[in-house]
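Asks: Below are the chains, spelled out letter by letter.
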Amino acid sequence: MPGPDSRRTSDNSSIDLALTIDWLDGLGFEVLTEPQKTILLKAAFEAMEEKVGLELTANLPNELVDEFGAIIDHPDAEVADTRAEKWLQDNLPGYRHVVRRVRFELEQELLSISTDFTKIRGSTEQVLRVQERQPNVTSPNVDLVESDSTNQNLENLQSHSLENEVDLLPNVEGGRKE
Amino acid sequence: MTRLEGHQNLIDRIIVASTSLANSFPAVGPSDDGPDDLALALQRISTDSHVVSVWGDRGTGKSTLLKYVLERMMDDPRFCVMPPLSPELFGDQDSLLNVTLAVIQANLLKITQGATDSERLEFVKDLQRTRRSAAVNAIPLDRLVTAATSIGEFARDIQDVAGGTEQMWQDVQRLFRSAVTFDERRKSIVVAIDDADLMRSTSVVELVRQVRLLGSCDHVIVIIVGRENDIVTRFVREAREDSYVHVDRREFDLDLEKEIRGAANAQMRKTFPQWGTFQMPEPDWDERLGFTPTLSDQSILELLTTIDEVMAKNALDACLVDSLLALSHVARGIWSTGTMAFPLSSNLRALAQLSTSLKLCLDARDISSPTRLAQTLSSLVAMIDVPFGVQSRLEWNLKENSSSGSERGVLEAFIDFSSIYGAVQAGQWKELDALTVNSGRREASRHVEFDLRPYRRQFARWSVTSTSVRDYEDWSGSQGLLLAVQGILMHSPAIHLSNESMLTDGANLNALSFLQSVKLYGRQTDDHFLTFPHTPSLASTIRSISAWNGIVERAATERLSLRDVLALTIEAAIAIFFDERDADIESADIGYGKALDHLESVSELCFAQLRGKTGDPGLRQHLLAWYQRWVPNHWHDAIFSADEIVGFATRLVDLSGGTNPVAHPLRIYGDQSLGRRLSRYASDAGKTETVENRAWTGGYQTVVEALDISLPPTWGLIRQAWQRLGVAVAAGGVSMSLSEEGPVTSPSRSIDAGVSAAVATEESELLLAYARARLRNWASSL
Chain A
0 MPGPDSRRTS DNSSIDLALT IDWLDGLGFE VLTEPQKTIL LKAAFEAMEE
50 KVGLELTANL PNELVDEFGA IIDHPDAEVA DTRAEKWLQD NLPGYRHVVR
100 RVRFELEQEL LSISTDFTKI RGSTEQVLRV QERQPNVTSP NVDLVESDST
150 NQNLENLQSH SLENEVDLLP NVEGGRKE
Chain B
0 MTRLEGHQNL IDRIIVASTS LANSFPAVGP SDDGPDDLAL ALQRISTDSH
50 VVSVWGDRGT GKSTLLKYVL ERMMDDPRFC VMPPLSPELF GDQDSLLNVT
100 LAVIQANLLK ITQGATDSER LEFVKDLQRT RRSAAVNAIP LDRLVTAATS
150 IGEFARDIQD VAGGTEQMWQ DVQRLFRSAV TFDERRKSIV VAIDDADLMR
200 STSVVELVRQ VRLLGSCDHV IVIIVGREND IVTRFVREAR EDSYVHVDRR
250 EFDLDLEKEI RGAANAQMRK TFPQWGTFQM PEPDWDERLG FTPTLSDQSI
300 LELLTTIDEV MAKNALDACL VDSLLALSHV ARGIWSTGTM AFPLSSNLRA
350 LAQLSTSLKL CLDARDISSP TRLAQTLSSL VAMIDVPFGV QSRLEWNLKE
400 NSSSGSERGV LEAFIDFSSI YGAVQAGQWK ELDALTVNSG RREASRHVEF
450 DLRPYRRQFA RWSVTSTSVR DYEDWSGSQG LLLAVQGILM HSPAIHLSNE
500 SMLTDGANLN ALSFLQSVKL YGRQTDDHFL TFPHTPSLAS TIRSISAWNG
550 IVERAATERL SLRDVLALTI EAAIAIFFDE RDADIESADI GYGKALDHLE
600 SVSELCFAQL RGKTGDPGLR QHLLAWYQRW VPNHWHDAIF SADEIVGFAT
650 RLVDLSGGTN PVAHPLRIYG DQSLGRRLSR YASDAGKTET VENRAWTGGY
700 QTVVEALDIS LPPTWGLIRQ AWQRLGVAVA AGGVSMSLSE EGPVTSPSRS
750 IDAGVSAAVA TEESELLLAY ARARLRNWAS SL
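Going down the list, the protein sequences come from chains A and B.
According to numbering that gives the first Met the number 0, the first sequence is numbered sequentially starting from 0.
According to numbering that gives the first Met the number 0, the second sequence is numbered sequentially starting from 0.
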């Protein structure tokens, strides 16, 4: 399983940021198809970018924010990149630490996501199996507890899926009125 | 009347079954006393029903077949054939039994031919007693009392009704037994019922019950023809109305439904025994295509061909024809291949409806008179089967639009579909992940996502509630009716629809400004990005919806960027509001700059047309207003570069003659609509949370400056929040770039690389959605 130790580097050395399908598989996403993995990799890459940026600029004075904004708005991308690099080294010298930490946190988050998903789905299926076996029997307390937690898990899953993502789920309503 | 060639075998089988049944009845003579009450009751519960049933769709020739069968029976002295009954003509107080007894009374001489006067008198007495008993039992108690009813009479009526039903049926049995004694060759009275399914929908249970009881009497054969499914359906519905009295109608009770279905099936099996059940053969589809309501009419095929020719000139008709064909479940493929993918509905009645609909729609394109249009609509609704769930006839109000001014529309239409309960749903939405991250890190740092899925679901569904029927799915009937009416209206000169109209397939007119689910830097926006001009007519409404559907489809299929989708809306708006035609989304070129060039040139022409009073002024004005008010909403810093935005805004200002409102109604001016919204957002920006939520609106800074929009000082907070977010994302991107080992590993590079053997499953879709949502939360949390 990938971890921070395997990629520990000195502060000035480069960091392996390659987000690959193998890396994703190692974090428990083997079940996804390759196009799905690619979508997830892009999401992970962008999330990491945003997270790193937010952490770096969280306490940055407005003047410096404006200064950096002007640099990256330079019409020549090459000039913008060179100046941005220098600006980062001058004003946010610890950015490599932040990138490395966020990279580690991203791994942990993805690992947590796949684990949580498995747990949620597992407990849901378990309750469904119990209900199938005992369709007319009132569940004992232990089942009730499990059922409640499963329902909560499902709610969590759906709330994590947020607004439109739940639309990915097959429409089970058929043509019935909503 | 339908010709029935090749049905001889079926007629023979029905005659054989009836003769066999008649021969099984016990022989009786005039002097026989007959069985007592107990024997009659035992006989009734142990005897199989003497009912011959012929089932088939309308128009398949059931009535004709019944006619031939009865003619054959009339030639056989074993049968005394009564004139066939038509339940559709029954009044409120009529039941099968009292109508049958009335028919016997009317045919008294025929039945008692050969009887002595005293025998005939005795038969008449029995008949009258039975008729009175049947009539009293058929009338609800509360209707027995009239102003002239005496207490004594009422008491007698009560006594007759209370517990008198059993006795009444024994009288009926004795009556039929007596009726066959006047001719020694006679074995049975034949009672025929035509179009049984056309019985009042609230009386089917009673009809089936009486058929069964009548059919349990010796010496009577009941022949019933109709649509079995209709009878079962109405039976179930009626039983449901009774059963759900104490149950909340909104809650589907599975056990109760099973019970109702079980009872209906059991009753059908007992009433219509298998040995006496016959099915009408269905016509083949060649016959259906050649169907003509009358010999002088065009066949369905000819009408379809005519519409096909017209359609080639006007693509709009494709929508109409598809809609009409839905009435008969016809495959769409006929148009492209000239052949039918699968047979038409077997129901010739539906074909007659289709034929009339097609003719009306062909005629409707010339209709400019409100009165004629109303007549056409009335004709349509009067001749097609109103879908289940409609509690009352559809109504509309067409009138001269006195306030239309210079607009071309002459009618206002309000059609109340509120009594239809139906749901129409398009197919599943495809996964859409359109990110504008294709070229380089700088672009990649702009996170713009859009998601049309909610709208795909919204526009594709219309459902109207009913207070009197339960949830129901109607996939073809109500849709077909709705769209056929739409089609007729669409082909009349421009019509003004009221905002309450439900004619727009679920999207009301105000909803045609579509709020698109757009995320900028992972933050959900809540303003309108993807919009169409306001639609003042039905045609523009339908076309806009159609264009919207096309854009959603193409965006999903080609994974278009938001910028591309915005370009398509501009091209669609030009097609609908300037060219007054359907937008050809499928083959439209995509390019935002090009589309805006097009819009600009068209706007000049709009001004010229408005001055020259040519074209539809309403459409032109709405197009210009949209350009002014909503198109600038596209020009967000996350979607376009500053140079592009300045260019767009400058051209709009030039076209408008300035950035301030001008008095001339034919000019547009630099947007104040975007300014008003931004002012509102800025005014609300008093709290940190609000500022963060509205930070994305700060991305309009370039267009605000270019259009010289004046905003409150709090705009600065929003602007700063947006800038900080942009800087953060850019800083993140640069930091990662500088920290990387080797070349940038862009996940997007492998997007098309290889196809996994794994197939996307519900599980994997759910996992992906869950992971992306969690990552977004994780990214934005500090």
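Any given hint could be a false lead.
Stretch by stretch, here's where chain A covers chain B in the computed footprint (C-beta under 8 Å, at least three residues) [said to hold, decoys possible]:
1) 100-109
2) 766-778
Negatives, chain B to chain A, calculated, CB over 12 Å [stated by the list, open to error]:
3) 232
4) 256
5) 273
6) 280
7) 587
8) 593
9) 636
10) 642
11) 719
12) 737
13) 738
14) 762
For the record, the hints were derived by calculation from the structure and aren't laboratory data.
Bear in mind the structure is a predicted one, so any value in this text is a computation, not a measurement.
Where a beta carbon is used, it is the ideal one built from N, C-alpha and C, also for glycine.
Asks: For each hint, tell me whether it holds in the structure or not.
Replies: Against the structure, the hints:
1. 100-109: violated (count 0)
2. 766-778: holds (count 13)
3. 232: Non-interface label on residue 232 (chain B) holds, nearest chain A Cβ at 18 Å vs cutoff 12 Å.
4. 256: Residue 256 (chain B) is indeed farther than 12 Å from all Cβ atoms of chain A, at 14 Å.
5. 273: 34 Å, holds
6. 280: 32 Å, holds
7. 587: Non-interface label on residue 587 (chain B) holds, nearest chain A Cβ at 26 Å vs cutoff 12 Å.
8. 593: 23 Å, holds
9. 636: Incorrect as stated: the minimum Cβ-Cβ distance to chain A is 10 Å, not above 12 Å.
10. 642: Check fails; 8 Å does not lie beyond 12 Å.
11. 719: 6 Å, violated
12. 737: For residue 737 (chain B), whose nearest Cβ neighbour in chain A is about 6 Å away, the distance does not exceed 12 Å, so it is violated.
13. 738: 4 Å, violated
14. 762: Given that some Cβ of chain A is not farther than 12 Å from that of residue 762 (chain B), nearest at about 6 Å, it is violated.
Hints 1, 9, 10, 11, 12, 13 and 14, counting from the list given before, are not met by this structure.
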